[in-house]
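These protein sequence lines are chains E and H, in that order.
Heads up: the first sequence at position 23 corresponds to 15 in this note's numbering, and the numbers run straight through without jumps.
Converting from the second sequence to this note's numbering requires adding 703 to each position, the first position being numbered 1.
It is possible that some hints are incorrect.
[Stated by the list, open to error] Covered by chain H, per the in silico footprint, the following chain E stretches (three or more residues, Cβ under 8 angstroms): (1) 19 to 33; (2) 57 to 63.
[What the hints assert, rightly or not] No more than 25 angstroms apart at the CA atoms, straight line, and that leaves these computed lysine to any residue pairs for SDA-like: (3) K1267/H <-> N63/E; (4) K1231/H <-> G75/E; (5) K906/H <-> G852/H.
[Claimed, not checked] With beta-carbon atoms standing in for the labels, derived distance ranges: (6) R82/E <-> P824/H: 12 to 22 angstroms; (7) P1185/H <-> S6/E: 43 to 53 angstroms; (8) H42/E <-> P826/H: 47 to 57 angstroms; (9) R1098/H <-> H62/E: 45 to 55 angstroms; (10) I1049/H <-> R74/E: 36 to 46 angstroms; (11) G1091/H <-> S6/E: 31 to 41 angstroms; (12) R1098/H <-> H42/E: 27 to 37 angstroms; (13) K1159/H <-> R87/E: 56 to 66 angstroms.
Hints were generated in silico from the structure; no laboratory data involved.
Glycine included, each C-beta is placed from N, C-alpha and C at the ideal position.
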Amino acid sequence: MSNALSWVAIGTLSDIPVRGARTVNTPNGRVAVFRTADDRIFALDDRCPHKGGPLAQGIVHDRSVTCPLHNLVIDLATGEARGEDRLCARTLPVRVEGGRVLLGLGQRAVQAA
Amino acid sequence: MNKSNPRERLVVVGNGMAGIRTVEELLALDPGRYDVTVFGAEPHVNYNRIMLSPVLAGEKTFQDIVLNDRDWYAANGITLHAGDRVVGVDRAAKLVMAVSGLFVPYDKLLLATGSDPFIVPVPGKDLPGVVTFRDLADVDAMLAASAEGGSAVVIGGGLLGLEAAAGLKARGMDVTVLHLMPTLMERQLDPAAGHLLEQALEKRGIRVITRANTHAILGEGKVTGVRLDDGREIAADIVVMAVGIRPSTGLARAAGIEVNRGVLVDDHMRTSDPAILAVGECVEHRGHCYGLVAPLWDMAKVAAAQLAGDGGRAYQGSVTSTKLKVTGIDVFSAGDFAEGKGREEIVLRDAARGVYKRLVIQDNRIVGVVLYGETADGPWFFDLLRQGTDITDLRESLIFGQAYAGGAPLDPMAAVAALPDEAEICGCNGVCKGQVTSAITAKGLTDVDGVRAATKASASCGSCTGQVEKLLALTLGDRYKPAAVQPVCACTSHGHDEVRRRIVSQGLKSIQAVMQALEWKTSCGCAKCRPALNFYLLATWPGEYVDDQQSRFVNERLHANIQKDGTYSVVPRMWGGVTSAKELRAIADVADKYAIPTVKVTGGQRIDLLGVRKEDLPAVWADLNAAGMVSGHAYAKGLRTVKTCVGTDWCRFGTQDSTGLGIKLEKFLWGSWTPAKLKMAVSGCPRNCAESTCKDIGIICVDSGYEIHFAGAAGLEIRGTEVLCHVGTEAEVLEVCAALVQAYREQGRYLERVYKWAKRVGSDAIRAQVVADLSNRRALYDRFVHSQQFAQVDPWAERVRGLDAHEFQPLSPLPVLEPAE
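Okay, chain H solo, but in the shape it has when bound (with noise of 0.2 angstroms):
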C-alpha cells in the first residue's frame, strides 16, 4: 500500500455495540487503512446494551458494561463525537450532517443506527413517566423513579419487558406486566414454558396481565396509570413500553437509500450505494430484520472483511437462540419449535425441580429447543440445531442434556435405589426411604394405598408416588404388580383417577399447571385430555376456574348439538316437560321465522328445533328467551332433561306431586356440568310412566314418600336402576339427589355416566357417602350449593347479550386487495 497517500476516511454512524465490533475487526485485519470517525447519539463511550438489564437490576455498573473506553479510542486513533447526533448523508458530496453543525467527509460509510423502541399509539404516550428501556438514560429515568419506591406498568411481556420489571422489582418498586398475547414471551417459548414463566414471576410479586390490550395511559402533566379495553385501570407512577423494536432506517431513508423494514443490504453488508455498508439492527438481510446480539458479530465480520477489501466473506444470516437474563429464572430457545407434519416432540417435564424441556425433531435433527428451569445444555442443543447434527444415536438420552450424551438412558430405577436410607422421600409428612422400605417388608405391603396407610407416605400432595412405586418394585421385585391404569390419553401415564386427586392436594388451578404437576408428555395436551382436565378444573374450584372454551367440545362451545350438515339443534328447556300455549307459539313462531326445517318432539319431554344456521343462533334464542325459555342443555355434560309423569295432578294413581317434584329438581339441578350427561325422571306411582328405572337418577313416589333410583342406563347399555334410598319428604329428595350429583361431579371420570361411576366405586360405597353418613352428605350438598351459584346462568342470555360473539359469526373480507408477490 502506498503510504504517502492520504488514507481513506471511514465515518460509522452508531458508537454500539454493531459499529464498534465492526471496527474492531476492521482494526485486526487492516489497521492503517482508514481514518475513523464514530458518531454516537448517546454522549457515551461503547457498551454493551445487553448488559443494561443488570444494571437496571443494581447486579452490574455502568462501569462494568463498558465494552470501549476512551483510551481505546485515542489508542486507535478514532475520532469518537458521542452525543452528537448524525442527521443527514449528502451521498453525492459524500458527506455526513451531525446536529451539531459538524460537516465529515467519507470515502466509506458504514450504519449502525441500530433500532428504535416501537411507542404503542395511545393516547398518553407522550407524557412524562412513560420510558422506553434501550439506552443507559432509559435506565437512569427508570432508576430516578424507582429511587421513590411507587408502582411501574410494563408494557410488554417479552425479552426486554421482563428484564426491566425484574429489575423495577429488584429496585423495590411494584411491577405490573401487561402482556397482549395469551403468554408471555410467545416469540421465544411455547405456551407450556410461558405459563411456568408466568408463574415465576408472579411468585416474585410481578403482577402479570395477559391478554391486556392498554387502551391509554392515565395522567395530567404526568403518568398516573395505564386503562385497559375492558375498563380496568393500575396505578403506576412509571410506564415502561417495552413491546419491541424497529430498525432505525429514517437517515438511510432519507439519504435515498434502499429501505424496507430494515435498510436493505446485500450478502457483503452493502447498501444500494457502493460506498455505504450497514451493519446490526438497522438492517435487513434476505428479508430478516435481527433483534439479537449474535447476528451482530457474524455482520460485522462480513463488513470488517468487504472495508478491507476482501469480498470473499459473505453473510449468510443467523440461527439465533434467546437467553432471558432475569437472574433466577432460567429460560433457553432457539430455532421453530412449532408442532406440525413430520415433526415430533420430546418433552421432558420434572415437576418437583420446575424444569421444562422440549425437543423439536424433523428428520432426526432438532429444529427447535425450548428450555425451562435448566438451560445449562442450552448451548449444545443450540450446537446441534446448526449443525444440523443426525441426532439418531443420541436419541433415546438426548433430552437429558450432554453429560449423557449417548450413554445408556437414564435408569430412574438405579436412581432410586441409589439413594441412601435417610434419603426423604415425602416432603409432606417427612418419610425417608428407609421407613418406606421397611414397612414394605415388615407389614407385607403390596401397593401404593398401603404404603400410604402405613407411613403417609405419598398420601398428601402425591408427586412422590412414582418414587415410593419404585421403592415398592425394588423391594418386591418381581413380587410387585402395579394395578394396570388406564391413562387419561396417550398425553400422559396418569390415570383419571390420580388426576383429579393431585388437582385437589396439589392446588392445580389451571390446565398449564396440571399439566406440568403431572408431567405431562406433551406441550399441550390433545382432544381427549383437554376437555377432562377443563372438567376436572371447573368441578374442583367453582367461580375460581375460568372455563377454557377452546377444551370444550363444539357443542358445549355453542351450546347448541351439531348436526350432520354442519347446522345445528336447539332446545329449550320445559321444566319437568310441561309447557304452555304461549311457549309453543314462541317455538313455532322461530320455527317460522328462522325456516327451521324440523320440529321434533325428543325423548325427555321437550321440543327440538332442528336445522338452525349457526348464524342464527343468538337471534333464535333471544325469541325464545323473551317468552321466558332457557338453554335445555341438550348439549351439555350435564343435566338434561327431568321427565315426569302427571302425579296426583290428573292421574287417579298418582300418590305424589311428581311434576311438581319433577321441576323442583329440574330448577335446583340444572346448570352444573357432571362428567357425563345426566337423565332424570320422576313417576307419581309404582307404574312408573316417566321410565325412571333406566335413568341416571329416578324418582318412584310411593304412598309412604319417594323411592330414589340411580345408576340407570337405556342407552349403549340397558341397566335397570338400583334403589339408593327411601325418603319421606321433597326436601330430602332434593338433598339426596344433590348430595348424590356432587359425589359423582367429584368422582366420576370424564365420560363416564352414573351407572359405570357406580359399578366402578361399588354402589353401597354411594350409598354410604350420601344416605347413611349424614354428615357426608350435608357436606356434599352444601359444596353442590356453592357451585351452583356460578353454573346457573343461561348460557343462551349470555350469548344474546354479546358473548362469545365471534363464534356465531363469520370473518368477513375486507374489501383490500393486493397482488401477491
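Chain E extracted, bound-state conformation (with noise of 0.2 angstroms):
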C-alpha cells in the first residue's frame, strides 16, 4: 500500500512558464515541476544534490536544469548531474492530462496532504 501511487492535480500546464519550473509544497518536502521547450513536464525534489539549491529556479535548457547556486547540469528525466559526479536528484512521476498536471504522491503523501 505504501508504495500505491496517487495522481494529485497540482494545476494546469500554463501554470508554468515554458524553459522554467514552478515549486508544489508536498508532505516530503518541495518539489520542482519543470516545463521544457517542447512542452514536456517533469519532477524532481526541489534540492539539487550537490548543495541543496533551488533547481526550480535554474535556467531549463533542452531538457535539463542548471541549478542557480553551483551550475551543476540536471538531467530532468533521470535527475542524474552531468559530468562524472554520480549525484542524482529525485524524480517524481508526472503526467499532463486534459491541460492538468499530476503529480504522483505515494499514498502516505497525499493522506497527509
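Two chains, each in its own frame: build the complex with the hints.
Written out as C-alpha cells, the structure reads:
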C-alpha cells in the first residue's frame, strides 16, 4: 500500500512557464515541476544533490536544468547530474491530462495532504 | 464458397478515406463475399480529405481530389447513401438506422466515422461566420467568405490551421493566426523550426499571434472579431476553428460499444462487438488515436483481411510523419525529438538557404526528425527511423541526406574551391570570388579584416564571413592563421564579438533568429549562451526586444539575490549611500514583520536584508516601496551602487558636492543592463574616501573640477583605475559617464567587467570614443538616454502590482485525487 501512487492535480500546464518551473509543497518536501520548450513536464525534488540549491530557479535548456547555485546541470528525466559526479536528484512521476498537471505521490503523502 | 447462399451484408458507416479504402482492400481480397452498403454524412463520393487545403488555396478543384466516382460504386455493386447520416445501430437486430428513416440490416458493420473538429467553448462559438476546416462544406463556406475579401482569424496554429490560413491568404484575405502555445505546430516541430515557420508565414503577410488565448468571439448575428484574454481584439469576417479533432464516437457510444477517447479496437480492428469493426480516426488502438492518413492504410488492410475471414493479420500501431501542405514552405517531422539522456542531436542550419535540420539519435538509431526548408530527405530519414536502422556507418554524413549517405563527409572547403571566379561571395556589396582571391594575393592580405577593408566583402551583414575565411585559407595555405576565437559556448563556433556584430548588421531581433542566422549547433542553446544573447538583444534593440525571463539567471528574474539556503537577500537603493530615519524605520519594520534573520551593512553603502523567503518578496518590496524605496539592483548585471563621501556638505577637505553628484549619477544610470555588474564611486577630494580608484567608474573631485577614472577592480583581481579624462562641470561628468557606459554596453562581452573590456580593446581606444570624439560621445549619450526610457522602471513595484506572480507562489495541489492505474 505504501508503494501505491495517487495522482494529485497541482495545476494546469499554463501555470508553468515554458522553459521554466514552479514549485509545489508536498508532505515529503518541496517539489520542482519543470516545463521544457517542447512542453514536456518533469518533476524532481527541489534540491540540487550537490549543495541543496533550489533547482526550480535554474535556467531550463533542452531537457536539463542548470542549478542556480553552482551551475550543476541536472537531467530532468533521470535526475542525474551531468559529468562524473554521480549525484542524482529524486524524480517524481508526473503527467499531463487534459491540460491538468498530475503529480504522482505515495499514498502516505497524499493522506497527510 | 456456396454461391447459392445469399451474400453476407456489410454496412459501412462513413464514406471517407478509411472506410472506402477498407472496401477497396476487401474487394481485392474477396470480391464477391459481401453486399456492400455505404452511408456517408456528406452528399459526395469519397474524396481525398487531406487535399482540401490545395482546394481552398485554389491549386486544385474538387474533381481533382475525388478518389472514387459514382461509376466505381456502381461497377462494384456498392449501394451508396451519400448525405444520409446514420443515427443509430440496433446491435440485437443488426440494423442501422439513417436520418432519412432508412433501415439497413447487416451481418458485419464497419464504423469509419472519422473525427469531429474540436470547438473551443467560448462565447460566440455558434455565430454565423464561425467555421471549422473538416469537409468540403467548410471549404465552400470559407471560399464564399473569401470572395468578399475582408479579414479572417484562424484559431489554431497546427497543421490544419496553418493550411487554412495559407489558403485564405492565397484567396486574398487578411489573415491572423491565433495560437495558444508559444510556437507553431508544437506537436510536430521543435521550437527552432516553429520559429522559422512563424517567420515564413509573417513574410507572406499572415499575422501570427502566439500565446493567444481566445476569450470570446464577437459579433451580433454574425461574427465581427475575436477578443483575446489580454483584451486585444482582432476584426474578422470569418473565424476558422482549427484547434484539433476528436474521434467521432457518438454512434458507437449510443450503441453500447466500448469507447474511451476513440472506439476501442483490438489488433484486428474489432470492437467490443465481434460483428462490428472500426477503422480510421474514430478508433483508439493500444491507447493511440491517429489523425493522419498513413495509419488508415494499415488499418484498412487489417480490417479487410478480417472481413475476408483472415484473422492472421494484425495491426501493430503506426509511426507517423507529418508534412505541412503549404506551397513554398517545406516542413517535415517524424518521431520523438525531445532532448534527453542518452540522446544526441545532430543539427544542421544553413542560414543563407533558410534550412534547419535536426536528427535525434538514441543508441545509434534515429528516433526523431525535424526538417525545415529542405525536406527532400524526409522519407529517407523516416524510413531509417521506422526500420530502426543502425546509422553508425552513415553518421558523419547522415544529416546531409541520402545523396551523401555513407560517402565522405562534405568538404566545405572543396565546395568553395570549386566555385568559378565569377561566383558571388558577398551579396551585400557584389564582390565575387576572383576579386577576393586577387586582393588577397596582390595586397598581401592575411585576415578577414584585411579583406573587408580592401574589397568590402563580408563588411556589411557578415553572413559570408565563413566563405571569405575559406578563400583566405585556400589562397594562403598554411600561411593563413585565423585568430583563435573563443566561442560563446559549445553551442556555436562564433565568438561574442561576431554574434554582436551580426545582431546589428542583420537586424536579428530574437534569440531564435540569432541561433538560425549564426547556425547554432543546438536547437535551443544552453545556460551560457541564452543569457548572453538575451543581453545583446536587449542592449541592441531597446524598447523593441522583449526580455526573455527564462534566459535570465534566477537573481535577475526574481530581482533579489539567491542565498545558499534558497532564501533571498533584498537590498533597497540608497541613492549615493544617503538614507533617512524614515527609510531606516521602514527597513526595521520590514525586518520585524517578515522575521528577516540578518540585517547587514554592505560594502556599497546600503543595507542588506538576508534570509527573505521567496513567497515574502513581493510583500517586502511593497512595504519598502511604500516608504519610497526601490530596487537596488544588487543582483543585476547593471548599475549597483554609487558610493560617495560627504564632500563639501560636511568635510573640511571637500572640493565639490560629491554626495550630490553621486546621487545624480545613480538616478541617471540606474536600471540599465550592462555586460557585467557596474560599481561606481564619487570622492570629494583626492584623499578618496569613497575608494573611487578601484571602481568600474570612479570620480575624484578636485578644485578645478572632476577627474573621471575607469577600469578599476577590487575583486578576484586588484587593479587601480586609469584616468579617462578631466572635466569642469557636473553636466560633463554625466555625459561622459553615460557615453562610457553605453560604449561598454555596446562593446563589452557578456560577463566582461569594464577593466577586462578596457584591457581587450585598449584604454586609448575608449578614450578616443568617449572623450576626444565629441560627436561620437554625444551619439553614445543619446543612445543611452533613449534606452533608459525603457529601462528605468522599478522592477519591485511592477511585481508588487502582480507581474510574474507565478515566480513567487508555489502551485497549490487541488483536492482531487484519483487512483493510479
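Hints, verified against the model:
1. Coverage of the region 19 to 33 of chain E by chain H holds in this model, with 7 residues showing a Cβ closer than 8 angstroms to a Cβ of that chain against a need of three.
2. Counting residues of the region 57 to 63 of chain E whose beta-carbon sits less than 8 angstroms from any beta-carbon of chain H gives 4, enough to reach three: the coverage restraint holds.
3. Distance restraint check for K1267/H and N63/E: the Cα-Cα separation of roughly 13 angstroms lies within the 25 angstroms cut-off, and the hinted pair is therefore satisfied.
4. With a C-alpha separation of about 17 angstroms, the suggested pair K1231/H and G75/E falls inside the 25 angstroms cut-off, and the hint holds.
5. The straight-line distance between the Cα atoms of K906/H and G852/H is roughly 20 angstroms, inside the 25 angstroms bound, and the hint therefore holds.
6. Taken as a hint, the range 12 to 22 angstroms is violated for the pair R82/E and P824/H, whose Cβ atoms sit roughly 39 angstroms apart.
7. Roughly 47 angstroms separates the CB atoms of P1185/H and S6/E, a value that falls within the hinted 43 to 53 angstroms.
8. Between H42/E and P826/H the beta carbons are some 51 angstroms apart, a value that agrees with the proposed interval 47 to 57 angstroms.
9. About 34 angstroms separates the C-beta atoms of R1098/H and H62/E, a value inconsistent with the hinted range of 45 to 55 angstroms.
10. At roughly 19 angstroms, the beta carbons of I1049/H and R74/E sit outside the given window of 36 to 46 angstroms.
11. Under the hint 31 to 41 angstroms, the C-beta atoms of G1091/H and S6/E, about 36 angstroms apart, fit the expected range.
12. Range check, R1098/H to H42/E: about 34 angstroms between beta-carbon atoms, so the 27 to 37 angstroms window is met.
13. A hinted range of 56 to 66 angstroms for the beta carbons of K1159/H and R87/E is consistent with their spacing of about 57 angstroms.
Against the hints set out earlier in the document, violations occur for numbers 6, 9, 10.
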